[in-house]
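S.K.: Place chain B on chain A using the hints.
Line order of the protein sequences matches chains A and B. Quick note: the first sequence uses the numbering used here, first residue 12, plus one each step. Quick note: the second sequence uses the numbering used here, first residue 266, plus one each step.
One thing to keep in mind: the hints can contain errors.
Now the in silico label distances, taken between C-beta atoms and shown as ranges [to be verified]:
#, chain 1, residue 1, chain 2, residue 2, range
1, B, D279, A, Q66, 23 to 29 Å
2, A, E86, B, L663, 39 to 45 Å
3, A, E216, B, G536, 32 to 38 Å
4, A, A226, B, K280, 31 to 37 Å
5, A, S117, B, T278, 42 to 48 Å
6, A, G36, B, E414, 52 to 58 Å
7, B, K280, A, R188, 17 to 23 Å
8, B, E318, A, S183, 28 to 34 Å
9, B, G401, A, E107, 55 to 61 Å
10, B, G401, A, A143, 57 to 63 Å
11, A, D222, B, G427, 38 to 44 Å
12, B, Y326, A, E107, 54 to 60 Å
13, A, E267, B, G328, 35 to 41 Å
Which bits of chain A does chain B cover? Going by a derived footprint, with three or more residues having C-beta under 8 Å, they are [what the hints assert, rightly or not]:
#, stretch
14, 98 to 111
15, 275 to 284
Quick caveat, the hints were computed from the structure, so don't treat them as lab data. Each residue gets a CB set at the ideal place from its N, CA and C atoms; glycine is no exception.
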Amino acid sequence: MEAQAVATQADSALPTQNRITALFGRKHEGLLNVYFTAGFPNLDDTLTVLEGLEQAGADLVEIGMPYSDPVADGETIQQSNLQALNNGMTLRLLFEQLANCRSRVSVPILLMGYINPVLQFGVEEFCRQCQAVGVDGVILPDLPLDLYLDEYAPIFRQYGILNIFLITPQTSTERIRLIDEQSAGFIYMVSSASITGSVSGVSDEMLAYFDRINAMNLTNPRLIGFGIKDNETFRMASQYANGAIIGSAFIRLLQEKGTDQTQIKAFVEAVKGK
Amino acid sequence: MTVLEPQASFEVTDKGFYGRFGGAFIPEMLYPNVEELRRNYRAIMEDPTFQAEFRALLADYVGRPTPLFLAERLSNEVGATVYLKREDLCHTGAHKVNNTIGQILVAKRLNKKRIVAETGAGQHGVATATVCALMGLECVVYMGSIDMERQKPNVDRMRMLGATVVPATSGSQTLKDATNEAMRHWINNPVDTHYIIGSVVGPHPYPDMVARFQSVISEETRSQLLEKTGSENPNYVVACVGGGSNAAGAFFHYLHEPSVRLVAAEAAGLGVSSGHSAATTALGKPGVLHGSRTILMQTEDGQVTEPYSISAGLDYPGIGPLHAHLFDSGRGDFYAITDDEAIAAGFQLSKLEGIIPAIETAHALAALPKMGLQTSDVVVVCLSGRGDKDLATYAKYL
Chain A
12 MEAQAVATQA DSALPTQNRI TALFGRKHEG LLNVYFTAGF PNLDDTLTVL EGLEQAGADL
72 VEIGMPYSDP VADGETIQQS NLQALNNGMT LRLLFEQLAN CRSRVSVPIL LMGYINPVLQ
132 FGVEEFCRQC QAVGVDGVIL PDLPLDLYLD EYAPIFRQYG ILNIFLITPQ TSTERIRLID
192 EQSAGFIYMV SSASITGSVS GVSDEMLAYF DRINAMNLTN PRLIGFGIKD NETFRMASQY
252 ANGAIIGSAF IRLLQEKGTD QTQIKAFVEA VKGK
Chain B
266 MTVLEPQASF EVTDKGFYGR FGGAFIPEML YPNVEELRRN YRAIMEDPTF QAEFRALLAD
326 YVGRPTPLFL AERLSNEVGA TVYLKREDLC HTGAHKVNNT IGQILVAKRL NKKRIVAETG
386 AGQHGVATAT VCALMGLECV VYMGSIDMER QKPNVDRMRM LGATVVPATS GSQTLKDATN
446 EAMRHWINNP VDTHYIIGSV VGPHPYPDMV ARFQSVISEE TRSQLLEKTG SENPNYVVAC
506 VGGGSNAAGA FFHYLHEPSV RLVAAEAAGL GVSSGHSAAT TALGKPGVLH GSRTILMQTE
566 DGQVTEPYSI SAGLDYPGIG PLHAHLFDSG RGDFYAITDD EAIAAGFQLS KLEGIIPAIE
626 TAHALAALPK MGLQTSDVVV VCLSGRGDKD LATYAKYL
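So here's chain A without its partners, still in its complex pose (with noise of 0.2 Å):
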């Protein structure tokens, strides 16, 4: 019990090959991860967009579990959210849409939501739903390190759910050491002091913090999130992690053209720059 105590995720991570894990392991560059909110734009569209991402070679898939108060996003993930939930969309719903999905998807899913819709749904239930439909991990922003670690870490231990936690440019290094030794998975490196999708551009200060983290040789995979847009930036992000991660900038696409295959391709393959 006790050797269980001090476990990290790491270390029940390796049995269970977990996705995340595995993908880090074979591939360490310009990895994109695409966020979209579940059922969005319309309530049936989660596993096409899943799909689509997949075929267009998304290396993660970070689904949102809508939320009416996500105050770490900006207005378009916000309104994505509303819409979502407008259509009836429920974390329940949202299981019961994955059921199959691993008949049909290989890509590693992150589920990334808000704390309150777990906690009615009740933890263990949660991490328990996320095992049998094959998502690979979590990040809950409002979650912070030491509630989890205090009460949660063993249920998403348990059940081989990863707990991806954020940094940021006003995080300091010792609670970014910290972080690096209770993840699994990877680092989401947020790159500015922000709400989603309100940052346009690099700026030096972010190179700078980006060379801050490099410097720092942490055991962890990162990937570089908030800000990431285009091509450009993407291949900013990924000169200074392993990859990035793409949100509000997709969502405006799913919002103006649909989940049409085509131009979800065209949309990775441009931020990709294939």
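M.R.: This is chain B only, laid out in the frame that chain A set:
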């Protein structure tokens, strides 16, 4: 009456919990700011030079101590001895300024250059804009666009005081959404900005810090009541609860006096079961809202419900974690007061005592007839704010 468990504590823990409620459920982007505040707030607040400056401003600028007034005609009407703690006589017209004075002094000691705040009825926004003008700091206030319409005089006051008022257009366009927008603003401005939360909500240390600043209400009540009745302790302390800052202040020094019943009046809107209500403890379940684990109104799927109350200051789907703990532990009695009951109580106090209360405060007054009072009972009602801002609403009932 509920028997209080001897081990029940109402002190906040190091990690910010009251019983099972509280904590700091915040995204990493807010962690450095909140952590800076958590590490420093108690030391700053306990520093003698801080206390001297805070106390001087409360006396000379806010106008404290506020009177404890024996409302004789109201007492006759409800059949008990009712005292009104006159927070409505504070500068800016409500208790909110006790907290904004305290927090801006904290912000200055943390070398912050800019203040962001949320507001519902506009009282906290005005109190924040006021202290920013006093201290010469830039002020940005987020307010739901619906609230901006129904509380226009307060919008004008904030602007006259030099604040920028930004409409929150997401969601229900009321207090919850204004709070979301203020948090986003803070995420986008992490180094030089302090977020002055207006109630005992938000991530630790906010609920504790705000309760401590507002605790001047019960500190004064105790000594004033001792002078007037020979006892520091009434039988009941009554206050309205939206987030719950005036209630936290009015209850604070009575939390560990089991003989004093703590009574919270929540807004039932059109009725608890009407679907148009803000009666959080009646309708809510434990969950996480705005950075703390508390009781909140939500769907089965964990989506936060849009609340409704005639009172913009009580139109909030959660309550502070301290109040969730008071409810959960049985230490507090919670009453749900409808719009109509509140309006009637507002008219009653106006006619009996010549005091027009804020509609928020009128909810506390409306609890009095529901409490089963005895003629020997001494009751303190926190008269949290004045009703000038609500005249347009009251006028519809004239």
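S.K.: For this structure, which hints from the list above don't hold up?
M.R.: Structure breaks hints 1, 3, 13, 15.
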